[in-house]
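Each chain, written out:
There are 2 protein chains.
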Amino acid sequence: MKKNILLKFIQQVWNEGNADAASEYIASTYTIYHDPGDPWDDMTLDLEGFKTRVLKLRAPIPDQYFEIQEIFEKDNCVAITWLWHGSHLREIADYPATGKRLRMSGATVYYFEGKHITGHWQITDRLSVYQQLRQNSASQKEKE
Amino acid sequence: MKKNILLKFIQQVWNEGNADAASEYIASTYTIYHDPGDPWDDMTLDLEGFKTRVLKLRAPIPDQYFEIQEIFEKDNCVAITWLWHGSHLREIADYPATGKRLRMSGATVYYFEGKHITGHWQITDRLSVYQQLRQNSASQKEKE
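Protein sequence lines correspond, in order, to chains C and L.
Counting in my numbering, the first sequence runs from 1 upward without gaps.
Counting in my numbering, the second sequence runs from 1 upward without gaps.
It is possible that some hints are incorrect.
Copies of the same chain look alike in the list, so a pair counts if it fits in one copy or across any two.
In silico DSS-like pairs for lysine-lysine, Cα to Cα no more than 27 Å straight-line [claimed, not checked]: (1) Lys143 / Lys8; (2) Lys141 / Lys74; (3) Lys3 / Lys141; (4) Lys74 / Lys2; (5) Lys3 / Lys100; (6) Lys56 / Lys3.
If you are wondering where the hints come from, they were derived from the structure by calculation, not from laboratory data.
Just so it is clear, the structure is predicted and the values come from calculations on it, not from any experiment.
All chains, full assembly: derive it from the sequences and hints.
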């Protein structure tokens with residue numbers, strides 16, 4: 001079942017941060033079909049490129065965690081809706097680390113070829129993250 | 001098939017703006033479980049409340065259209081990913097109408113009880129809409 005493969009991929013690669021494990025899950029190329037705000041939006045990556053993306057996206061929020069809400073499977077794809085949270089431990093888009101918890105929600109469709117993931121289409125509520133970054137940075141400055 | 005019911009609902013109620021047609025599709029109550037930025041987020045509406053929501057959300061962008069990308073069905077729910085576009089013809093969040101095209105993408109899970117929709121969980125890339133509103137309003141001012 002592609003569903004189970006996807007859940008293991010999310011857990012090992014994104015939740016535990018084991019970028020090397022991606023080699024078990026992704027196809028020889030991985031395309032980001034749609035992911036507004038993602039620096040790799042519209043790009044096709046090889047395994048090394050994909051691992052770099054995982055490491056760079058996880059670095060400022062190393063304890064980030066995707067909590068799956070719903071999961072759907074059909075033909076060659078699996079869709080998930082998710083809540084995400086993690087601690088802001090390194091600079092993000094010019095906002096210095098505050099150590100505070102960030103929360104976001106989103107939905108992703110993963111495309112498969114056989115047992116391997118060939119890419120994704122994703123929407124995240126990135127506005128809410130900027131609102132939290134601004135608010136946390138303002139309350140940090142008030143304390144100083 | 002719940003999938004077909006949902007596609008008719010989207011077409012008639014949201015794309016054609018026939019709010020009255022909602023009575024055929026929604027249950028006696030409709031809950032917005034999660035929809036960051038939606039003024040009715042976290043609320044449970046009756047039929048009249050739901051129609052009001054449709055009319056208010058469609059009013060500033062009366063030709064708005066949801067173009068379905070993927071559709072998934074399981075148990076009691078249907079998930080869709082979509083691209084949305086429409087012309088900005090009345091004020092939105094203090095941004096005066098420019099007549100310009102707005103575009104957004106999103107994903108929605110609709111929950112069913114039998115043939116009726118009982119609510120939804122939704123993510124939209126609302127940041128991109130604010131970016132377009134700001135940009136359109138700035139280029140309008142430059143012309144004046």
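Hints, one by one, checked against the model:
1. Taking identical chains as interchangeable, the C-alpha atoms of Lys143 and Lys8 are never at most 27 Å apart, the minima being 42 Å within one chain and 54 Å between chains.
2. Taking the closest pair of Cα atoms, Lys141 and Lys74 never come within 27 Å of each other, the shortest separation being 49 Å inside a single copy and 48 Å across copies.
3. Taking the closest pair of Cα atoms, Lys3 and Lys141 never come within 27 Å of each other, the shortest separation being 44 Å inside a single copy and 50 Å across copies.
4. Taking identical chains as interchangeable, the C-alpha atoms of Lys74 and Lys2 lie at most 27 Å apart whether they share a chain (9 Å) or sit on different chains (15 Å).
5. Taking identical chains as interchangeable, the C-alpha atoms of Lys3 and Lys100 are never at most 27 Å apart, the minima being 32 Å within one chain and 41 Å between chains.
6. Taking CA atoms no more than 27 Å apart as the test, Lys56 paired with Lys3 passes inside one copy only; the shortest distance there is 26 Å, against 38 Å between copies.
In the structure shown, a violation is registered for the earlier hints numbered 1, 2, 3, 5, in ascending order.
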